[in-house]
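Undergrad: Residue numbers (our numbering), protein chains in the order written: chain X, 1 to 359; chain H, 1 to 396.
In case anyone wonders, no lab produced these hints; they're calculated from the structure. Check each hint, because a few of them may be wrong.
Residues of chain X clear of chain H, computed beta-carbon distances all greater than 12 Å [to be verified]: (1) E70; (2) I71; (3) A170; (4) E335.
Among chain H residues calculated to face chain X with C-beta under 7 Å, some are [as the list claims (entries may be wrong)]: (5) L13; (6) D48; (7) Y98; (8) T100; (9) E143; (10) Q189; (11) V213; (12) A236; (13) A240; (14) R249; (15) S258; (16) M279; (17) V308.
Just so it is clear, CB atoms sit at the ideal spot from N, CA and C, and this is done for glycine as well.
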Amino acid sequence: MPDIAKRKTDIGPPHYEQFLPPVIKANYGKWKYHEIPRPGVLVHVGESGDRLYTVRAGSPRLLSVQTIREICDLADKYCGGYLRFTSRHNIEFLLSDPANVDPLVADLAAAGFPVGGIGNALSNIVHTQGWIHCHSAATDASGIVKALMDELIGRFTSTDLPGKLRVALACCVNMCGAVHCSDIAILGIHRRPPKVNHERLPKVCELPTVVASCPTAAIRPVRKDGKETVEVAEELCMFCGNCYTVCPAMPLNDALNDGVSIWVGGKVSNARSEPAFSKLAIPFLPNNPPRWPEVVGAVTKLVDVWAANARPYERMGEWIERIGWPRFFRLTGIEFTKQHIDDFRHAETTFRRSVHLKG
Amino acid sequence: MSDERPTPKLDELETGPWPSFVREMKRAAEGNAMADQLLGVLELSYDDRVGHWKHGGVVGVRGYGAGVIGRYSDVPEQFPEVAQFHTMRVNHPAGWFYKTDALRKVCDIWEKHGSGLTNLHGATGDIILLGTKTDSLEPAFAELTENGFDLGGSGSVVRTPSCCVGPARCEWACFDTLALTYDITRHYQDEIHRPSLPYKFKIKSSGCPNDCVAAIARADLSVIGTWRGAIEVDQAAVGAYAAAGLDVRADVCDRCPSKCMVWDGRALDIDNGACARCMHCINAMPKALRPGKERGACILIGGKAPIVSGAMLSSVLVPFMKLEPPYTELKELIGKILELWGDEGKNRERVGEFIQRVGLGNFLEAIGLEPKPEMVRNPRENPYVFYEEYFEEDSK
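Construct the complete structure from the given sequences, taking the supplied hints into account.
TA: This is the structure in C-alpha cells:
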C-alpha cells in the first residue's frame with residue numbers, strides 16, 4: 001500500500017503539448033488547407049508552407065499492450081514517436097517527411113492494419129463493449145464489427161462513396177457512443193421485461209430508487225412471502241433496462257429474444273442538413289455469432305443501395321429525405337411494420353401530417 | 001488455454017482482412033491468465049448468446065468515487081481469474097495525442113497490474129484499461145499517477161471532457177479545443193473524481209460545425225466552434241476547383257442549405273447575412289474558403305442517448321461566445337448549471353431531461369440568461385402559456 005502522504009491525486013491528464021510533434025507546434029492554429037492525396041492519407045499545409053502528413057489506420061479498438069507496442073515501434077520508426085487516435089478508434093501517424101508515407105503504409109499492411117477512413121469513405125465503426133465486458137449488453141459489439149468490417153473493408157480503403165459513411169454499434173439502448181445519430185446504427189435490443197429475483201432484490205436494491213427508475217411507471221412495490229420487493233407491469237415495459245442498471249436483481253438478458261435492430265439516416269455534422277437522429281429501418285435481427293450473417297447482410301445491402309442511388313455529398317439521411325421513406329423501403333426490400341411507427345413521447349411529431357406523399 | 005478449452009467460434013473471427021480483436025485477446029493471453037480466461041467467457045457467450053457480467057459493488061481507489069467500473073463474472077467457478085474484472089478509465093491527453101514513451105509506460109503498467117487488454121479509446125474518450133482485480137486497483141493507480149496519468153470520470157460526475165483535433169491539425173478550428181479541454185479538465189478535477197451530481201454531465205468541444213466529436217449528440221454541454229462575419233474567399237482558388245472538375249454550382253451552391261451563394265463561372269458571390277455557417281462550401285473547397293475572422297463557439301445544452309426518457313440533441317444556449325483563457329464566462333455558466341441541476345435534478349435525470357421537466361424558459365431564468373430567438377426552431381405553437389405575473393385592479 002503506498003504511503004498516503006506521498007499519494008498523488010487529482011493531477012488530471014498529461015498536458016497535450018508535450019505530445020505534439022515539432023511541425024504541429026510550429027504551425028499550431030496556422031494551418032491553411034488540407035488535401036487527400038490518396039485514400040487514408042491527409043496532407044495539411046501551413047501558412048508557413050510546412051506540410052504535415054497523416055496516415056490513418058483502422059484498429060479493432062480492443063488492443064493488447066503487445067500490439068500497442070508494435071504501433072509505437074512504427075511511430076518511432078517513421079514519426080519521431082508522435083501519433084494520435086481519432087474519436088472513431090483509428091490510429092493516426094503524424095509525419096513530416098513525405099518519403100516516409102509509402103514505407104509506413106507498407107509496414108502497416110504487413111502488420112495487418114488497413115489504411116483508409118478519410119473523405120468519402122466508411123470510417124471505423126464506433127462501438128461499445130458487448131459481451132466482452134458489459135452487464136446489460138443485448139448483443140456482442142466486437143464480433144459484429146469484425147464480421148461487418150471484413151465485408152465492408154473496401155469501403156474503408158477507398159473514397160468512392162457519395163459522401164461520408166458513419167456506422168456505429170451500441171450493445172444496448174444505454175448507447176455508449178453517438179449511435180443514435182449515425183448513417184447506420186446497429187443497436188442491441190432486449191425484448192422481454194426484467195425477471196425479478198425476489199430473494200435477492202431486498203438485499204441489494206433500494207426500493208424507491210428501483211420504482212423511480214422506470215420511465216413508464218411499470219414498476220410497483222409489492223410484498224411477496226413477507227419480503228418487500230417489486231413487480232413489473234409487463235405490458236408497460238419497453239425493455240430499456242434502466243431498472244437493471246440501478247438494481248442487479250432485475251436482469252433482462254434473454255438468449256432467445258435479445259437481438260439487433262438497424263437504424264439509418266442520422267448525422268452529427270451541421271454540413272448541409274442539420275444534425276439528425278437515426279430512424280428505424282429493421283426492428284429485429286437475431287444474435288447469430290460468430291459472424292451475425294443477418295446483420296452483416298442487412299447493413300451491406302443498405303450501404304450498396306445508398307452508394308448506388310445517392311448524389312454527390314448526400315449522406316444516407318439526405319438521400320432518404322430526397323427520395324422519401326416509401327421509396328427507401330421499396331429500394332432496400334425492407335418490410336415496413338407496426339414497430340416502425342413510434343408510440344413513445346412526441347410520437348405524433350413523426351406522423352405524416354400532409355398529403356406530400358412521394359411516389 | 002486453447003488446448004484444454006477450445007474457442008472455435010472466436011477462432012473464426014481471427015480470419016478475414018479487418019484486424020481481429022480475437023487476435024488481440026490471444027496475444028494478451030500468452031502471458032496473462034485474466035486475458036486467457038476472458039477468451040473462455042466470450043466463447044461461452046457466443047455459445048449461449050447472453051453476456052456473463054454482473055455489475056454492482058462499489059470498487060475504486062481511495063478518495064475517488066469514480067474512474068473504476070466494477071465488474072464481476074456470473075460464472076466465477078468456471079473462470080476464477082476473471083471473477084473480478086474491473087475497468088479503469090484513464091483520462092486521455094486532449095486530442096488523443098501521444099508520444100510513444102508515454103503510451104509504452106501505460107502498457108507496462110497494465111501488463112503488470114491488469115489483463116494487458118485496453119480500448120483506445122472508450123466512447124467518452126478515456127484510455128480504457130480493461131479488467132483487473134480489486135487488489136490491483138490501488139497499485140495500478142499509484143503507478144499511473146507516478147507517470148503523469150490520472151483516472152477519468154464514471155457514474156454521476158462531470159465526465160472526462162474530450163475534443164476534436166482542433167488547431168493542432170485543422171484549419172477550421174474556431175477556438176483552441178485542446179487548450180479549453182485541458183483547462184476545464186483541470187478545473188473540474190473534484191467534480192470528475194467525486195460523484196456529487198444527479199447523473200453524468202458530459203462536456204465535449206468541436207472546433208467547427210462539422211462536430212468531429214459528436215458533441216451535439218453526446219454531450220450535456222456541447223461547445224461547437226463557429227464564426228461571425230464573412231467567409232473568407234480566394235476567388236482564384238475557387239476557379240481552380242472549377243477548372244479541376246468540381247461542379248461548383250451543383251455540388252456547392254445548390255447544396256447550400258441557405259441558398260446564399262451564386263457562382264457565375266468567374267466569381268463566387270456569398271450573401272453572408274443569409275449564411276447558416278454549416279461548413280458545406282468550406283468542406284467542399286478547403287483551399288478556397290475559410291471560416292470568418294471573428295471566431296468563437298456556440299454553446300448548446302442537453303444532448304444525450306435514450307436512457308432514461310428518450311434521446312435528445314443539444315439545443316442552443318449561447319449563440320456565440322468568445323473562448324479565450326481563462327474561460328471565465330464559460331466556467332461561470334457551467335457553474336450555474338451544475339449548481340441548479342445539482343440541487344433540483346432528480347436521481348439519474350440528465351440536464352436535458354431536467355430542462356424538459358422545468359421548461360427551458362424557467363431554466364434560463366434560474367441561470368440568469370436572457371431568452372433569445374436563436375434558442376428555438378420557432379416560437380411556441382401552443383397557446384397554454386404560464387404567467388407568474390399579472391395585473392390587479394388598483395385597490396385605492
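Undergrad: The structure should be examined with respect to each hint, and the outcome stated for every one.
TA: Results of checking the hints against the structure:
1. Its closest Cβ contact with chain H, about 10 Å, brings E70 (chain X) to no more than 12 Å, contrary to its assignment away from the interface.
2. Distance check on I71 (chain X): its Cβ comes as close as 8 Å (rounded) to a Cβ of chain H, failing to clear the 12 Å threshold; non-interface status is violated.
3. Distance to chain H contradicts A170 (chain X) as a non-interface residue, since its nearest Cβ pair spans about 8 Å, not more than 12 Å.
4. Interface exclusion of E335 (chain X) from chain H stands, the closest Cβ pair being 24 Å apart, more than 12 Å.
5. With 7 Å as the threshold, the beta carbon of L13 (chain H) comes within range of chain X, its nearest partner Cβ sitting at about 5 Å, so the hint holds.
6. The closest approach between the C-beta of D48 (chain H) and any C-beta of chain X is roughly 6 Å, which is under the 7 Å cut-off, so the hint is satisfied.
7. Hint status for Y98 (chain H) relative to chain X: holds, with the closest Cβ pair at about 5 Å, below 7 Å.
8. The criterion of a C-beta within 7 Å of any C-beta in chain X is met by T100 (chain H), whose closest approach is roughly 4 Å, and the hint holds.
9. Look at E143 (chain H): its Cβ only gets to about 9 Å from chain X, farther than 7 Å, so that hint breaks.
10. Below 7 Å, beta-carbon pairs count as interface contacts, and Q189 (chain H) has one with chain X at about 4 Å; its hint therefore holds.
11. Evaluation of the V213 (chain H) hint against chain X yields a held restraint, the C-beta minimum of about 5 Å falling below 7 Å.
12. Among the interface hints, the one on A236 (chain H) is violated; its C-beta lies about 13 Å from the nearest C-beta in chain X, farther than the 7 Å criterion.
13. At its closest, the beta carbon of A240 (chain H) sits 12 Å from a beta carbon of chain X; the interface hint therefore is violated under the 7 Å criterion.
14. Hint on R249 (chain H) is violated. Least Cβ distance to chain X is approximately 12 Å, over the 7 Å limit.
15. Hint status for S258 (chain H): violated, given a least beta-carbon distance of 10 Å to chain X, over 7 Å.
16. Contact between M279 (chain H) and chain X, as hinted, is supported at the beta carbon level, the nearest pair being about 5 Å apart and thus within 7 Å.
17. The interface hint given for V308 (chain H) is met, as the beta carbon of that residue sits about 5 Å from the closest beta carbon of chain X, less than 7 Å.
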